[in-house]
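J.: Produce the complete structure using the sequences and hints provided.
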Amino acid sequence: MKILVCISNVPDTTTKIKFLEGNTKLDTAGIQWVINPWDELSLTRALELKDDASAGVKGVTVAHVGGPASEPTIRKALAIGADDAIRINAEADDAYFVASQLAAAVKKENFDMILCGIESSDFNGSLVGGMLAELLGIPSVSAVSGIKIENGVPVLTREIDGGRETVTVPAPFVAIVQKGIAKEPRIAAMRGIMMARTKPIRVYEAEPCDKFTEIVSFEKPVARAACKFIDAENPKQLIELLQNEAKVI
Amino acid sequence: MSVLVFTENWDGRFKKSSFELVSYAVKTAAMLNTTATALSIGKVEESELKKLGNYGAAKIISIENDSLNILDNQAYTSAIAETASKEQSKVIILSNSNTGKALAPRLAARLKAGIGSGVSKLPLSTEPFTVYKRTYSGNAYAHQVIKSDVKILTLAQNSFELAETANNAVIEKGSASVDPSAIKTAVKDVQKQTGKILLTDAEVVVSGGRGMKSPDNWGPIEELASLLGAATACSRPVSDEGWRSHEEHTGQTGKIISPNLYIAVGISGATQHLAGISSSKYIVAINTDKDAPIFEAAQYGIIGDAMKVLPGLISAVKEMKK
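Here the protein sequences line up with chains A and B, keeping their order.
Heads up: the first sequence at position 13 corresponds to 348 in the working numbering, and the numbers run straight through without jumps.
Heads up: the second sequence at position 99 corresponds to 381 in the working numbering, and the numbers run straight through without jumps.
No lab work stands behind these hints, which were simulated from the structure alone.
Here are the simulated EDC-like cross-link-like pairs (lysine to aspartate or glutamate), alpha carbons at most 16 Å apart as the crow flies:
id, chain 1, residue 1, chain 2, residue 2
1, B, Lys474, A, Asp496
2, B, Lys572, A, Asp566
3, A, Lys563, B, Asp573
4, B, Lys429, A, Glu549
5, A, Lys483, B, Asp471
6, B, Lys403, A, Glu554
The following label-pair restraints were derived from C-beta to C-beta distances:
id, chain 1, residue 1, chain 2, residue 2, range
7, B, Thr316, A, Lys442, 34 to 40 Å
8, B, Pro519, A, Ala567, 20 to 26 Å
9, A, Lys546, B, Ser407, 16 to 22 Å
10, B, Met602, A, Thr349, 38 to 44 Å
11, B, Asp293, A, Glu554, 35 to 41 Å
12, A, Lys582, B, Ala464, 48 to 54 Å
13, A, Lys442, B, Met589, 58 to 64 Å
14, A, Ala567, B, Thr447, 45 to 51 Å
15, B, Pro593, A, Val490, 45 to 51 Å
16, B, Met283, A, Gly394, 46 to 52 Å
17, A, Ala558, B, Met313, 26 to 32 Å
18, A, Thr349, B, Pro462, 46 to 52 Å
19, B, Met283, A, Lys393, 48 to 54 Å
A quick note: this is a predicted structure, and the numbers were derived from the prediction, not measured.
From the three backbone atoms N, C-alpha and C, an ideal C-beta is built for every residue, glycine too.
T.: See below:
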């Protein structure tokens, strides 16, 4: 079984988000770029499955849509343990663009299971995984919080409102994964970092693609009113405020 | 050319989120000089379907098809696409729920429709069609233009007020040309959480962090939650330690919620936790540390020891309920 993990490049969580050019572009000065947290957890799960000889995972590939500046992020994924990588050479545009480029690359190769994080921490779209599956004409399972391989068959845990289901779909398929998929992201060890330098990254040129959406500007959230402090000796006052002022209880 | 709104049901019942979605679709339709048609898939009684009309749906299409009894993303996407085509819908609206996230992107790719996901306001304009959505995990909001002929929106949960209207809805039986053999998803078993209020549905949430010091101290949190009809939640370290179930973990890699009221007890307010709660209407923080970042996100705060403050809050709520 061959697993593909799609990864995107996002600003580290602690980045102070600012914009330039009249709030149309992210100010990338000083940003630390990291693998999108959900993608990192998917990659970790894929590697756990590969480590388990009984699971029959032959290889784990990562795919990324990005320019040459993304290479450090791809090398991080290789350092964590992916065997090889695909980079589609284009700046990531909207989700449909990213999914289309990934689909074109996937069609050139052969994967049994494709993992996508439920969303990226920059655009919070929750779109690429589903679009990719549709463009490939294959099944998808979303809200996946667990993947096991039993007798060579992937068995997925899907979260539903108030519970979970154990689900199977025929391969190849896309699993759109979220919290629970792995306990913690795997960390690259020194040896992994050194080996990453020589692992192959196949670069594909981008294919022409329709553009259906465009972000024209950003706005910062309205600053909320400063916190109103209530005396710890008088908690009743908080209840009164919540009832009469905020009207939420 | 009506706006099509896909309203999910749970065992044949709609929830508040379904009615918020219809209210949103009706107002969006009005901006486009048209009406909203609701689409329901599953076994839903007519008396329940009719409720969608209370929020302004002009037509309600109900598809009952045994092949669609479980969520197979491809089959549901086909059914929605087929209905949208028959109705000649130019705008299709779903919730940004687990199901919406599973279906909307497939639908968008199938129909070559631009999609604005997680929108939290009515479209900012119809020409060009511009939506408002959360980005950078709540640190910024984007104005996104959708240029395609057909447009899809998914509505962020708890972001739109219910709007009741006179009920003039017409109910129609719909159909989906789904072949049972085309269903690829097999559900081996289902585990349902019973009794407790679902965290993602709850209007009020009481949450505890490491500042609670021990899982043995959760009694007051549960009592307060019970009195307020609230769900309980926790920060990541608490679920990692095994003090509370992973179901309760709220934060960037846990549940992202938007209740009317979020009470954070003994939670410092790390960025990743705030990413899970920043869309809450009101945040209350109780913490011994006056410099805890949670106080920058909260509208109301008490600097104090949770174990001393909670009993006071509990008796005040009991008083209020008399």
